Structures are given as structure tokens and as C-alpha cells.
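S.K.: Take a look at the letters that make up each chain.
2 protein chains.
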Amino acid sequence: MLKDLTITEFLEQTASAEPLPGGGCTAALNAALAASLTEMVANLTIGRKEFQAVEEDMQEIAQAAADLRTKLQNDIDNDAQAYQAVLAAFKLPKNTDDQKKERSKAIQQAFKTAATVPLGVARDALQIMDLAARAITDGNPNAVSDGAVAVLAARTAALAAAYNVKINLTAIKDTAFVAELTREIEELEQQVIDKETEILAQVDV
Amino acid sequence: MLKDLTITEFLEQTASAEPLPGGGCTAALNAALAASLTEMVANLTIGRKEFQAVEEDMQEIAQAAADLRTKLQNDIDNDAQAYQAVLAAFKLPKNTDDQKKERSKAIQQAFKTAATVPLGVARDALQIMDLAARAITDGNPNAVSDGAVAVLAARTAALAAAYNVKINLTAIKDTAFVAELTREIEELEQQVIDKETEILAQVDV
Chain D
1 MLKDLTITEF LEQTASAEPL PGGGCTAALN AALAASLTEM VANLTIGRKE
51 FQAVEEDMQE IAQAAADLRT KLQNDIDNDA QAYQAVLAAF KLPKNTDDQK
101 KERSKAIQQA FKTAATVPLG VARDALQIMD LAARAITDGN PNAVSDGAVA
151 VLAARTAALA AAYNVKINLT AIKDTAFVAE LTREIEELEQ QVIDKETEIL
201 AQVDV
Chain A
1001 MLKDLTITEF LEQTASAEPL PGGGCTAALN AALAASLTEM VANLTIGRKE
1051 FQAVEEDMQE IAQAAADLRT KLQNDIDNDA QAYQAVLAAF KLPKNTDDQK
1101 KERSKAIQQA FKTAATVPLG VARDALQIMD LAARAITDGN PNAVSDGAVA
1151 VLAARTAALA AAYNVKINLT AIKDTAFVAE LTREIEELEQ QVIDKETEIL
1201 AQVDV
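Keeping their order, the protein sequence lines are chains D and A.
So in this note's numbering, spot 61 of the first sequence is number 61, and the numbers just go up one at a time.
To convert a position in the second sequence, counted from 1, into this note's numbering, add 1000.
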């Protein structure tokens, strides 16, 4: 599993002439980093007398961020597997008309999954931005720059995921599916761009 | 060493209530990811007949990106160590006037190093953007989205590093040093923001 590689190994394998891990994995990793940093800001706030008023809120943020971290670190591998499934579908036999039909169906299904995984990453990244914003506003001010970095990483996660959604959509023939995912991913892109500007304008370092 | 942790461990340790690894480490990691993805785009171009005309250029990009990747994966640990050195300086004895003077000097020196490490990360991130731009323009078009993700990661690396430069500068008394680093980091911030917009406008996915 990619998530079990060391940082050095992950970077080496990304750099190699093999297409995996690629930009989609970097997207999921950045979303997981954003979740981790948000969780840290909450954890650096929890249990301290001066922040007692926001204790419950920070517990909630830490838990939500931890859940997203676990989900997103698995998405590093889910993204890679979705790409491998596309390659596998292309290798299916195409000798008879039935086989051709089956193969084409499998390819289309694989591309749909390959578009859906990064769409989920982008959705989660937006959610992390909202958690980070709460942690920045009410959390330990000593960790405010870590909250700001969470927001930056979440933006990269969502926009990187968007490239991977769109690239897979170019291969999909189901026009209703393409239209629906295009609409959602473009909306998510605009939202993370706007939200990043809005949140970081309030961080005074 | 942080670079020897698995992805899962690195995320867990970031999320914990310990301040390390924090936003500065995420900055260096993102710069290393950007270098890796740029290297991959070049490596997916090298040795292919249809890209023979840019072979030498891609070899140069791959080598430069590989050098930056190695440097930046070490900066994940350099950033953490610079922070630990600040904490260590604060723990120096302060019983006599001489000790107070020595301690104060050590603290100031430690903060200067803690500001200088992320400044280097931001400089390198800008350089990676230029390499990624060349890989996007002339490299294998099948990997264009990976090049775009490299640019996104480099922007996050530089802006995240900038937060860490500035936060350390607030503790430094040498006004000439503060003025010089403030000038450079603000210039770098503007450059990566402009360059990202410029490069990604040319990526049609």
C-alpha cells in the first residue's frame, strides 16, 4: 500500500517513470495533510484552561478531522487502484462482439470510478477548510500558522483532484454523468478558491 | 528522521498534540512532492521517439528536479530541527548576567535559522515551478495534469513556508535581518501566486 511507504520512498516512486503514484495521489495526500494539521490545531487547544470555552467545539473538530485523515490516507491507494483498474479494463479480450461490448462497458465503469475517487477528495478538502477555519478562529493562536497551512494544503488537494476528475471525464461517454460531475467539480473549485482567500485574509502572521 | 516515517505515521504525528511535525514540515514535503511530479513528467517524456527533440531538455529537468527532491526531503527534518533548536535555546541557564546574554544570543540565532530554512524552501518551490512549466509545455501531454499538480503543490509549499518565515521573524530583534527576509519572502509569495496563475492558464484539461 502507498500509505505504508516511507516519505522518501513515496517521493522516489512518484518521481519515477511509472505513472503511479501521480497527481491524484498527491491530491489525496494533501487533503490528509490538511486534515492532520487541523487536528493538530484542535489538539493543541484541547485541555488548556484558557481555551475551556471552546473545548467541546475543538473536540468535535479533532474527531471530524481524524475521521477525514483516515479516509483520505486510504484514498491515496484508492486513487492508484482506480487508475490500475482502467489499465486492466483496456487489457480485457476483444475477439468477439460480446467481448468488445463487455470490455467497453468495463472501461467506461473504470473511468467513472477513476473520476469519482478524486471528486470525493475534493469534497472532503472543502469540508476540511471549514474545520480549519473554525480551528483558526477559536483555537490556540500559537498554532494559527499551522491552520493556515492546512487551508493551503486543502486548496491544492481540491484543485489537484479536480484535474484528475476532468481528465477521466474526457473518456466517459455517459453525457449525463459527465455533465453532473463537471458541474459539481467546477463548483467545488470555485468554492475552495474563494474560501482560501476568505480564511487566509483573517490570519495575521 | 521524519522522512523515514511511513505516510500514515507522518500524518498521525502531524495530527497529534505535539507541535512537530507542523506546517513547516508540510511546506517542505509539498515542495518535495512538486519536485517529484516534475521529475515524473520529464521521465515519462525521456526515451520516447516522439519527444526526441526535447530529450536533452527533459534530462536536464529530471536531474534538476531530482536534486531538489533530495534537498527538500531533508528540509522536512531541517525545519523540525530548527524549531527544536529554538526550544533548546530557551532552556539554557539564565542565572548570571553572562548566562542571560549567552541565552539571548542563542535564542536569536535559533530563530534566524528557523526563519532561514523555510525561506530556502520557498526559493526552491519557485524554482520547481519554472521546471514544471517547462515540463508542461514540452513534455509528454499525457502527464500534463501531473505537471499542473506539481505547480499547485509548489504554490502551497512556498506560501506555507512564508508563514513559517514570518512567524519566526516576529521574534527576531535584528531589524536589518528582519527587513531583508521580509522583503524577499513577500516578493517570493507574489511571484508564486502570479506564476501559478500564468502556468495553469496554459493547462487545458
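Honestly, the hints are just simulated from the structure, not real lab data.
No experiment lies behind these values; they were computed from the predicted model shown.
Please note that a few of the clues may not be correct.
To be verified - Not the full set, but computed from the structure, chain D residues with beta-carbon under 7 Å of chain A:
(1) F10
(2) A17
(3) L20
(4) G23
(5) R69
(6) N74
(7) L92
(8) N95
(9) T96
(10) T156
(11) K166
Virtual Cβ for every residue (Gly too), placed ideally from N, Cα, C.
S.K.: If you test the structure against every hint from before, which numbers come out violated?
M.R.: Violated hints: 3, 6, 7, 8, 9; rest satisfied.
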